[in-house]
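Chemist: Here's the letter readout for the chains.
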Amino acid sequence: MANLMSTFKGSGSYVASKELMNAVNVSIALAKPLLIKGEPGTGKTMLAESIAVSLNKRLISWSIKSTTKAQEGLYVYDTVQRLYDSQFGEGDVGNIKKYIKLGKLGEAFTADEQTVLLIDEIDKADLEFPNDLLWELDRMEFYISETKETVKTKSRPIVIITSNAEKELPDAFLRRCIFHYIEFPDLKRMEEIVKVHYGDIDRRLLDQAMEAFYSIRAMKDIQKKPSTSELLDWLKALMLAGVDVDRIVSEIPLAGVLLKKNQDIDVMYEVKEKGYSLRRW
Amino acid sequence: MFLDFFYLLRVRGLDVSIGEWLSLIEALDKGLCESSLTNFYYLCRGVLIKSESEFDKFDTVFAEYFRGVEGESDLPEEFWRWLEQDARIRDINDKKALDSFLLELEELLKRFRKRVAEQKERHDGGNYWVGTGGTSTMGHGGYNQRGIRAGGESRHKSAVQVAGERNFRDFRQDNVLDTRNFQMAFRRLRQFSSRIDGEKTELDIDETIDETCNNAGNLKLVFGRPRKNTVKLLMLFDSDGSMLPYSEMCSRLFQAVSKSNHFKDIKVYYFHNCVYDHLYTTPRCRKGEWIETKWALGTLDSEYKVIFVGDGAMAPSELTRRGGNVVIGLYNEEPGIEWLAKFKKRYKKAIWLNPIRERDWEYMYGSHTVSQIKEIFPMFELTIDGLEKGIKKLLVK
Chain A
1 MANLMSTFKG SGSYVASKEL MNAVNVSIAL AKPLLIKGEP GTGKTMLAES IAVSLNKRLI
61 SWSIKSTTKA QEGLYVYDTV QRLYDSQFGE GDVGNIKKYI KLGKLGEAFT ADEQTVLLID
121 EIDKADLEFP NDLLWELDRM EFYISETKET VKTKSRPIVI ITSNAEKELP DAFLRRCIFH
181 YIEFPDLKRM EEIVKVHYGD IDRRLLDQAM EAFYSIRAMK DIQKKPSTSE LLDWLKALML
241 AGVDVDRIVS EIPLAGVLLK KNQDIDVMYE VKEKGYSLRR W
Chain B
1001 MFLDFFYLLR VRGLDVSIGE WLSLIEALDK GLCESSLTNF YYLCRGVLIK SESEFDKFDT
1061 VFAEYFRGVE GESDLPEEFW RWLEQDARIR DINDKKALDS FLLELEELLK RFRKRVAEQK
1121 ERHDGGNYWV GTGGTSTMGH GGYNQRGIRA GGESRHKSAV QVAGERNFRD FRQDNVLDTR
1181 NFQMAFRRLR QFSSRIDGEK TELDIDETID ETCNNAGNLK LVFGRPRKNT VKLLMLFDSD
1241 GSMLPYSEMC SRLFQAVSKS NHFKDIKVYY FHNCVYDHLY TTPRCRKGEW IETKWALGTL
1301 DSEYKVIFVG DGAMAPSELT RRGGNVVIGL YNEEPGIEWL AKFKKRYKKA IWLNPIRERD
1361 WEYMYGSHTV SQIKEIFPMF ELTIDGLEKG IKKLLVK
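Heads up: the protein sequence lines correspond to chains A and B, in order.
Heads up: the first sequence begins at 1 in this note's numbering, then just goes up one per residue.
Heads up: the second sequence begins at 1001 in this note's numbering, then just goes up one per residue.
Just so you know, these hints were derived from the structure itself, not from any lab.
Computed from a predicted structure; not experimentally measured.
A few of these clues could be false.
Listed next, the in silico DSSO-like pairs over lysine-lysine satisfying Cα-Cα at most 27 angstroms (straight line) [to be verified]:
1) Lys1220/B with Lys97/A
2) Lys37/A with Lys1057/B
3) Lys1200/B with Lys69/A
4) Lys124/A with Lys1200/B
5) Lys1342/B with Lys65/A
6) Lys1342/B with Lys1389/B
7) Lys65/A with Lys1389/B
8) Lys1057/B with Lys220/A
9) Lys1264/B with Lys124/A
10) Lys124/A with Lys1228/B
11) Lys18/A with Lys1057/B
12) Lys65/A with Lys1232/B
13) Lys1030/B with Lys57/A
14) Lys261/A with Lys1200/B
Using the sequences plus the hints, can you model the full thing?
Modeler: So, in structure tokens, the structure goes:
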């Protein structure tokens, strides 16, 4: 079996740890959704893109908002359009199928080839949302009551679900997933990630920036710690601005790219100056 | 098989289900651990554990079970068979043996489930089925030297017994709660109104009919604003001191409230034993980190629903005397009970949640003050049942 299934080995633009690759492959082999958690900016959403690219499959993303309903992911029956059409005699109103619009989940189910389905930030939705999808994700099919049709998948999509842990997910849902927590990358892996994005950048600039970055992350009083995506932005900004490399650690230029809160910037400078901060909020 | 690892996980409080365990077996069967203990570790973790907060616990159990496993001979034999034989290299004969092994496992699990079902009916069950049913039948499969341990060694509680206990826990509504339970209960605290601004997304049938008639029969749809929850909530937590043992439960309740986004407004303040001139803004209850109670009573309109959370246990003087405030240096002109009465007067909908079980209210330390508070606010115990009853009370017109 193991040799038959497609295995994920990371992709050119995404550095995945060995454990993460394993988790992806386990979820593919067991045909269970993979639930990914981790600090913001550790590349949860990117993972699905990378899987799609490396396995050469189509990616279907379903971004969840607080108002998203499970039903929308399956299909929407556009009654209003049908009503209007019947009023003005446009189109074939008798054909209900015309007014059934498949959602992202429905799209993934009906695709001819296996797809990668990303359900992004599932915790943003209503508490009951994951429970409403249990059956569909388990059986990979759903029923359209208007046309009395059952939509079945032709080939089971690879399902990646991300969560920021804003809400706790229901047990029954968790039990059906494979779980992986993306840890914050250590120095070595971070260098790899930077390399993937910017190629060979100036060694001294990178060293200095990394030192500054990890020292800021180590400050306890910072409310919102900078993450990978912020480091990448910062490096780019430093390169574009042509900042003197020797100033990076001592002065933290362009700190606004790393820290998004005013208080955090103040605290950071205070800690740098005195070694501690007394600010509390 | 290392089924006792499964039980050890459960004994140590990791709520691994049979379904998840079978998934793990399936994964091993597919050769996903690629003959390495490290891969096996990550595989187990990914399949069995669903929260990073439990990784640590899992690590401990994993280490405990595989402690001293360095040489190959230290591992249970079956385990090595799993590890070594990848599906790719397993020959046909071996596969057959494996299938029959899985059958046995299934049979065992079936028996296990049946026994659990029995246990549900008999509340005195614990001893019964460990004693008689127990190991002998369970271990009958004979493929595991370590077996399912019942009684005997005291390294950990009898696995079967504990598995049985766990099974009950999910069914008991009045037991310790997690955040999600609280959240679900809080969802009932709703009162809808369409006065709030929002997008017009709901079809207004009556208006649509009127407008369509005015439009000479040509359809004209009218949309209105959906109705939204208008409940405003003021939560007051007793913090510090006698509430320490319940701090975890209160924190879960707090989490649930602060994560609920369906309320129009939520205000949370803290007090020490009883409400006096000040309400603290942090659970640490430090002088200065507070607002004036009078200000709160004046600013937060009477539509707020108030939930007190506290054990209500204190010295009678703290409730009824001037200067009863136990915090040194704070003298209250008005006794605590007067302040509570002010809340009662201002807010028609107010309840008190008590983390102590209702059956103990009459006998515990502080029963006197509890009964006095009970006369002012309807009091409920801090369980799902209690919270639901309380919320019903808050919603009565």
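Chemist: Each of the hints needs a verdict: does it hold here or not?
Modeler: Structure-based check of each hint:
1. Lys1220/B with Lys97/A: holds, 24 angstroms
2. Lys37/A with Lys1057/B: Between Lys37/A and Lys1057/B the Cα gap is close to 18 angstroms, so the pair holds against 27 angstroms.
3. Lys1200/B with Lys69/A: holds, 17 angstroms
4. Lys124/A with Lys1200/B: The given pair, whose Cα atoms are some 22 angstroms apart, holds under the 27 angstroms limit.
5. Lys1342/B with Lys65/A: violated, 42 angstroms
6. Lys1342/B with Lys1389/B: holds, 24 angstroms
7. Lys65/A with Lys1389/B: violated, 32 angstroms
8. Lys1057/B with Lys220/A: Holds - the C-alpha atoms of Lys220/A and Lys1057/B are around 25 angstroms apart, at most 27 angstroms.
9. Lys1264/B with Lys124/A: holds, 18 angstroms
10. Lys124/A with Lys1228/B: holds, 18 angstroms
11. Lys18/A with Lys1057/B: holds, 22 angstroms
12. Lys65/A with Lys1232/B: holds, 24 angstroms
13. Lys1030/B with Lys57/A: Holds, at about 23 angstroms.
14. Lys261/A with Lys1200/B: Roughly 35 angstroms between the alpha carbons, so the hint for Lys261/A and Lys1200/B is violated.
Consistency note: the structure conflicts with the earlier hints numbered 5, 7 and 14.
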